[in-house]
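> In the order they appear, the protein sequences are chains A and B. When we follow this note's numbering, the leftmost residue of the first sequence carries the number 453, and every step to the right adds one. When we follow this note's numbering, the leftmost residue of the second sequence carries the number 69, and every step to the right adds one.
None of these hints come from the bench; they were simulated from the model. Where hints are given, some of them may not hold.
[As the list claims (entries may be wrong)] Straight-line distance between alpha carbons at most 25 Å, and here's what the computed BS3-like set of lysine-lysine pairs gives:
| hint | chain 1 | residue 1 | chain 2 | residue 2 |
| --- | --- | --- | --- | --- |
| 1 | B | K193 | A | K554 |
| 2 | A | K554 | A | K565 |
| 3 | A | K643 | A | K614 |
| 4 | A | K568 | A | K587 |
| 5 | A | K480 | A | K587 |
| 6 | A | K562 | B | K193 |
[Unchecked claim] DEER-style ranges, computed between Cβ atoms:
| hint | chain 1 | residue 1 | chain 2 | residue 2 | range |
| --- | --- | --- | --- | --- | --- |
| 7 | B | G154 | A | G593 | 30 to 36 Å |
| 8 | B | F131 | A | S512 | 30 to 36 Å |
| 9 | B | P143 | A | H652 | 35 to 41 Å |
The beta carbon of each residue, even a glycine, is placed where N, CA and C say it ideally should be.
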Amino acid sequence: MANRPMLEIVSLEKRFGPNTILKKIDLKVTEGELVFVIGPSGSGKSTMLRCCNRLEEPTSGDIIVDGRNIMAGTRRDLDRMRLQIGMVFQGFHLYPHMSVLKNVTLAQRKALKRSKTEADARAMDMLEQVGMAHKADAYPGELSGGQQQRVAIARSLALDPKVMLFDEPTSALDPELVGSVLKVMKDLKSKGMTMVVVSHEMGFARETADRVIFMDGGVVVEQGTPDEIFGAPKAERTRAFLSRVSG
Amino acid sequence: MTAMERFLETFFNPTVMAKYTPDIIAGIWVTLTIAAAVIVAGIAAGLALACLRSYGIRVLNFFIICYADIFRALPPLVVILILYFGFPSIGIQLSGPMVLFIVLAATLAAFAEEIFWAGFSSVEKGQWEAGIATGLGFTRTLAYVALPQAVRLAIPPLVNRVLAITKMTALGSAIGVSEILSSATTAQSFSGSATPLTMSVVAYLVIFLPMVVIARWLESRTAWKKR
Ligand SMILES: Nc1ncnc2c1ncn2[C@@H]1O[C@H](COP(=O)(O)OP(=O)(O)OP(=O)(O)O)[C@@H](O)[C@H]1O
Ligand SMILES: [Mg+2]
Chain A
453 MANRPMLEIV SLEKRFGPNT ILKKIDLKVT EGELVFVIGP SGSGKSTMLR
503 CCNRLEEPTS GDIIVDGRNI MAGTRRDLDR MRLQIGMVFQ GFHLYPHMSV
553 LKNVTLAQRK ALKRSKTEAD ARAMDMLEQV GMAHKADAYP GELSGGQQQR
603 VAIARSLALD PKVMLFDEPT SALDPELVGS VLKVMKDLKS KGMTMVVVSH
653 EMGFARETAD RVIFMDGGVV VEQGTPDEIF GAPKAERTRA FLSRVSG
Chain B
69 MTAMERFLET FFNPTVMAKY TPDIIAGIWV TLTIAAAVIV AGIAAGLALA
119 CLRSYGIRVL NFFIICYADI FRALPPLVVI LILYFGFPSI GIQLSGPMVL
169 FIVLAATLAA FAEEIFWAGF SSVEKGQWEA GIATGLGFTR TLAYVALPQA
219 VRLAIPPLVN RVLAITKMTA LGSAIGVSEI LSSATTAQSF SGSATPLTMS
269 VVAYLVIFLP MVVIARWLES RTAWKKR
């Protein structure tokens with residue numbers, strides 16, 4: 453089971469008009485692995501994640517989730533496969549008109565077609581896991597950013613995804629709230645979730661990541677263990693970037 | 069006769085009032101029926117058009133936008149007169165109440181479409197992305213995520229527009245629909261007294277004042293729960 457690829461990005465290319473944002477990216481994430489992605493602003497990190505569930509339509513290339521190519525198949529196949537790819541946004545994007553519980557049950561009910569009892573039970577489990585069960589009846593507007601982000605994570609987890617994508621999940625948070633979200637992510641990793649995390653939390657990466665990827669200009673410049681990348685980066689661009697963010 | 073007596077005699081003549089009250093009440097009934105039909109049909113059509121527009125189908129959107137702009141630009145009375153006096157010559161004969169209903173509902177639909185569309189446009193892109201990323205697809209994200217938020221944003225301007233357009237049922241008096249104003253002016257010419265017009269004022273207030281109060285109440289409760 454180990455080394456079974458859960459997410460494969462195969463020569464992914466993305467152009468916006470004349471600009472090529474992603475240049476033949478290849479990345480294989482195995483089951484239970486946490487891949488941490490760093491790189492300067494505009495290097496294409498978000499675009500890469502968003503191509504993985506086709507929120508952004510790849511120009512060419514393949515995205516394979518647990519052996520199934522999400523670039524092949526009908527619209528409905530795509531929606532079904534999106535259920536297997538959890539995505540956590542920098543801005544949370546909870547539904548403001550629904551309670552926390554409803555936020556976590558909506559896609560379970562309407563996309564997975566779970567019964568209300570089943571969806572509620574599953575939602576409460578997930579809210580428990582992220583430490584938000586006590587706020588099940590609250591509305592998103594009544595929660596802090598850290599709490600909202602944990603609910604957003606629960607909303608994704610409730611759909612039993614095979615891989616979770618995080619796009620700067622803590623960048624919009626006040627510093628004192630960052631820890632609570634990182635802790636949830638760490639728990640998730642220890643439970644064996646496959647994760648791709650774009651973030652600037654280098655401490656979290658050192659502690660939790662199996663692999664660190666450095667992107668610049670739409671290519672993967674360098675990758676390795678956290679020790680390799682943070683301790684002894686080989687590429688000049690990686691060194692320059694790391695000294696900028698740590699300095 | 070003092071000025072005061074003359075005033076009362078003109079506007080509050082009890083004999084005239086007694087005589088024409090049944091006519092005015094019948095007028096109220098006609099106004100209410102047409103107004104209710106216009107509100108339901110106009111809002112439903114406007115919402116449907118705004119939802120269709122959100123699919124971003126270019127040709128379709130062109131027609132929706134043309135429709136909305138034309139009906140927002142035209143004075144309803146002009147369209148009413150064309151439908152009522154012009155259309156019979158091309159073989160389309162519509163009753164007065166039907167013409168009034170069609171034109172006002174079409175006008176309300178045009179405004180409502182724009183109001184709902186503005187609501188959809190101010191729903192954050194991230195809301196759509198959250199829905200789509202959780203496998204809801206476009207249509208269910210529209211229905212469960214975007215629509216409730218758009219409707220909520222649309223309520224205050226929509227209520228005002230509904231008020232403005234339902235009041236235009238008075239235009240029915242130009243084509244002989246016996247709604248409130250029409251009943252009042254008929255009564256006025258028969259009696260030679262302005263009292264029936266006073267009665268129409270009362271009738272309009274009875275109908276529309278509660279609507280204004282409901283509008284206020286709706287506006288006050290459209291904010292999201294905030295911390
Ligand atoms: N919808 C779009 N249309 C045109 N250009 C886009 C679009 N989305 C992203 N880009 C461009 O693609 C490039 C990569 O953007 P992306 O958001 O993926 O970078 P990023 O690495 O996530 O940066 P950051 O660290 O600032 O989030 C940028 O130059 C951006 O301007
Ligand atoms: Mg980004």
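> Would you mind marking each hint as holding or not holding in the structure?
Hint by hint, here is what the structure shows:
1. B:K193 <-> A:K554: Within the cut-off at roughly 20 Å; holds.
2. A:K554 <-> A:K565: holds, 14 Å
3. A:K643 <-> A:K614: holds, 12 Å
4. A:K568 <-> A:K587: holds, 19 Å
5. A:K480 <-> A:K587: Given pair A:K480, A:K587 is violated - Cα atoms ~37 Å apart, limit 25 Å.
6. A:K562 <-> B:K193: This hinted pair holds, its Cα atoms lying about 20 Å apart.
7. B:G154 <-> A:G593: 30 to 36 Å: Since B:G154 and A:G593 have Cβ atoms about 53 Å apart, the given range 30 to 36 Å is violated.
8. B:F131 <-> A:S512: 30 to 36 Å: holds, 35 Å
9. B:P143 <-> A:H652: 35 to 41 Å: Roughly 59 Å apart at Cβ, these two residues miss the hinted range, so it is violated.
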